[in-house]
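Protein chains in written order, with our numbering: chain A, 192 to 502; chain B, 192 to 502; chain C, 192 to 502; chain D, 192 to 502.
If the Cβ cut is set under 7 Å, some of the chain C residues that face chain D in the computed set are:
#1 GLY305
#2 ASN308
#3 GLY310
#4 ILE337
#5 THR341
#6 PHE342
#7 ASP366
#8 GLY368
#9 TYR371
#10 GLY397
#11 VAL398
#12 GLY399
#13 HIS407
I should point out that these hints are in silico values taken from the structure, not numbers from a laboratory.
Glycine included, C-beta positions come from ideal geometry on N, C-alpha and C.
As a plain string of letters, each chain reads:
Number of protein chains: 4
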Amino acid sequence: MAKQKSVIITCAPTGGIHTPTMSEHLPITPSEIAQASIEAAEAGASIIHLHARDPETGKPDPDPDLFMEFLPRIKQATDAVMNVSTGGGLGMTREERLRAATRASPEMASMNIGSMNFGIFPMKDKYSNWKHAWEPEFLDMTRDFIFRNTFADIEYCIKELGQGHGTRFEFECYDLGHLYNLAWILDQGWIEGPIFVQMVFGILGGVGADLDNLMHMHTIANKLFGDDYEWSVLAAGRHQIPFTTQSGLLGGNVRVGMEDSLYIGPGEKAISSAQQVTKIRTIIENLGLTVATPAEARQRLGLKGGDQVAF
Amino acid sequence: MAKQKSVIITCAPTGGIHTPTMSEHLPITPSEIAQASIEAAEAGASIIHLHARDPETGKPDPDPDLFMEFLPRIKQATDAVMNVSTGGGLGMTREERLRAATRASPEMASMNIGSMNFGIFPMKDKYSNWKHAWEPEFLDMTRDFIFRNTFADIEYCIKELGQGHGTRFEFECYDLGHLYNLAWILDQGWIEGPIFVQMVFGILGGVGADLDNLMHMHTIANKLFGDDYEWSVLAAGRHQIPFTTQSGLLGGNVRVGMEDSLYIGPGEKAISSAQQVTKIRTIIENLGLTVATPAEARQRLGLKGGDQVAF
Amino acid sequence: MAKQKSVIITCAPTGGIHTPTMSEHLPITPSEIAQASIEAAEAGASIIHLHARDPETGKPDPDPDLFMEFLPRIKQATDAVMNVSTGGGLGMTREERLRAATRASPEMASMNIGSMNFGIFPMKDKYSNWKHAWEPEFLDMTRDFIFRNTFADIEYCIKELGQGHGTRFEFECYDLGHLYNLAWILDQGWIEGPIFVQMVFGILGGVGADLDNLMHMHTIANKLFGDDYEWSVLAAGRHQIPFTTQSGLLGGNVRVGMEDSLYIGPGEKAISSAQQVTKIRTIIENLGLTVATPAEARQRLGLKGGDQVAF
Amino acid sequence: MAKQKSVIITCAPTGGIHTPTMSEHLPITPSEIAQASIEAAEAGASIIHLHARDPETGKPDPDPDLFMEFLPRIKQATDAVMNVSTGGGLGMTREERLRAATRASPEMASMNIGSMNFGIFPMKDKYSNWKHAWEPEFLDMTRDFIFRNTFADIEYCIKELGQGHGTRFEFECYDLGHLYNLAWILDQGWIEGPIFVQMVFGILGGVGADLDNLMHMHTIANKLFGDDYEWSVLAAGRHQIPFTTQSGLLGGNVRVGMEDSLYIGPGEKAISSAQQVTKIRTIIENLGLTVATPAEARQRLGLKGGDQVAF
Ligand SMILES: [Zn+2]
Ligand SMILES: [Zn+2]
Ligand SMILES: [Zn+2]
Ligand SMILES: [Zn+2]
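Please work from the sequences and hints to get the whole structure.
In structure tokens:
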């Protein structure tokens, strides 16, 4: 048996999809985001995937100043890798989506590598008594929305961040075809390995949350990327823990956090992302696996180092 | 053993992707398109999937008058089902894409059920000495292009054509996630079964041409749609005959034609779409299967009948 | 989402494969076997799969008197279902293998449904300083050994126990083809559903311990048995916990115990089967699933009841 | 795209399973077997897999003298590779099964690498008016029959033929676990690559005739044997042409012949094995593939050459 690598836990504490009404535990302010990130790192996450929100309304906000309020605080308190999202909130322009990352020059940034419908409007019917007027509008808008990532967009972003800042990417694959996009991108020579593939399950518009899809995408990724890649899994809502467990069983890494699920068990809201980190860590360790340290994550993903960032 | 159903052959003689420089055998004028369709029907195709082109330049053209030049001629000469594309040429608006179908009120129309990058720009490098200036521009444009089909677009088109005209759909699935979109659409109650799923392999931006993907999408379609669906396969270029053979082996139907491939064998250009129909028919019959008649196709797909169209 | 059923944990505390030299914690005497079974039931196992051993030498022994020393004691101390193996020790005759079960008339008995090479001789090279002379001979013998279960044998055993005693079966499937044997047996009408399929991974001569095999056998079992079956997984040695976790993720049940593995973690010997029960139970519960009670197991497997046995 | 290799067609004209009553076209006498083999080679088979039968009764017969009546005649008339079965007829001893091969010292011999139930008794009910009394008895006997190939048997046969005669093997895999047996055999160093794996589908006792099983066994073979192996497929009865077509689609080789199927189409008896060779050849060539010559087969399988045999 090949020596099993340790499992890299990424935590995404807030994201740009869930809205304040959905959970009182969703971090909103820079201070809450910093706090949630630090707790997640202490629980075992070696990478923190970050979005910002307007502190008043909780709306996803691309303003780099907001990121600069929490990035240094998390860096000071933990050794975790900071990963700045370029997915933004739905509806942001390409330039808005890049602003925080080009300002922070982080070790990692997320990169979406295909266009797709991104339908979160069905969530609107599950809630009422909205805290903010923008929430139902934001969800409803996705009925006629495309998450835009053309090949030209991807080239621009990769060159700006990757070649420009030495940032490496969490390549988010929401569908099987996105793996082929990534293979094509690799063929262009814009990036070098090791690559880090984040497979995403359960978003309407992308691939559904069936474990057979995870198995199949893993099989295809093996064909396309051979031995020189790292991969991870996230799944929406109640699929979070089963799908990340499946990834661990297959030698992959995991992502949890309240960006992806507001729950900690069937019908039970999570009080923090750290709680989800602890849960998947318990399973990983009972499977006889170990959790990666930030140093191991940096080494395996070929990151430039926490001292090479602009915060 | 359950009685094997016959295999429905769809032929798409011209499409909106290949350009005149790529093959001298690509039908351009209404007369050429009619001729190619009639030959394909005589060779065994029971459904003809149709696009129109500007007779002068060969550019994909949504003008309903062009469709009305060939639709009646094909109807007169064959018993085949006429299927009017709503995919259009890349870059057409939703209204342009629907114009021919709403005018013709056909038995079938194609329906795309997800947004995606649709990258045919790599073909540009394989040709030179373009017959028309628009050709390389058209291909190149797809570098920054999204094939737009939001959930709102799909709702609009399905209601306009399906509920408005009694037209049934060839649901084109370019990626695994599109199957889930279709399952969601079915849940909305906008259409009734039997549905007809066309799986598409080998377009950059969609799912790659690996037979494992075909097997997997078939497995997932079985889970999502149970027994009440018909499915078919098309694959780009040299994958056309192997992938359609695979579909036949699994109980599915097939689509060939010069919209999907300009070739008849390794390195050998096809002189007609009928030639491709004959090739897949030969394989199907050697496998012990039979080819469906137009009457069988109409019955299995629940079509309204060739006498209910507006041409 | 269909309501997830609870997970039935079977525990096999001693078996007929491992030998006393391999672990000082392997239960040998009726008293040790009773003790190990009771602890396993208290930890969460609702079914106990039982073999007997010669109390002096630890050699697998089909003597019903040995079984009758521990069966009543386990029954008295727990509510667990007693499952009497008919696999025996390697080399026993068909009649020897049935003796304990026909004497005890248990709620369940294991049933092997295919012949195969059963090669445990490679274990011989991992040990020395044997406690008993029979141990290396026993292992070595399997180089030229067939685990015999012809269709005629299976018919005899099923009719003897099933129709004769109302005992239901744990159908052990060591290879993909055994699922087809079971489908054929069902077609004969010798048994009625619900059936209980135990998939076994990692024995030389049977299917290897690759999670893809588990996924595939589950897919095929779904095709062959539809909705009217229960299934479970066991895997040899270090594969025990990952494979049973995989089963839980897919809606299946699990079997652990020192018959299947002497380990509790990488390189770490288990001190009891109960320890393994606790480990898989921890994972199951962290996945948001629950563990079945004996009453639930009886209901789902259609068992005759603990008051209908002959001990 | 990697250059697709040509497809090696093996033909097995008579075998040891079907009986004379089942088809008047089944070759029985050495002369008929020679004739059928020569026709198959002329139709495109590059390997002929051979059994002998008693010329009077048609019963499978291990007598080397019978083999020596047809082997030289086929060799003289064709360039095909001669492959002498060691599977024998059901019920022969290991020594009987080896006698013809050790006498002929052929380039290839079949080798079974696992024990299993081999149930052909269900065929008994499909026929009546038996030509010979042995036929129904022979079929019925398999109800309590194991096709015996222990690890010790396999070692003996491989060393006798492989190391002793330079004969290479067609490793017949009737179940998924047999691939693991073969991997274990390779690990012992008894043979060298390239190996030739023959996957067999549709025998009761082995793996069922579902194309998903073929896909899965191919996936597992790729994992176990990497790039250094050749593989082929045969399937029983009506599955013959679909399963061999599937193999061709996946880059594998094929086996046809009346040992495996007495049919040429649904409900239609074959009049010769050559007819089946022609049918699969037609499909292969329509798929854009080519058929291997005997010289190509010898080169790819590493055979010693037709001049190194004892006939
Ligand atoms: Zn994000
Ligand atoms: Zn089209
Ligand atoms: Zn047992
Ligand atoms: Zn044979």
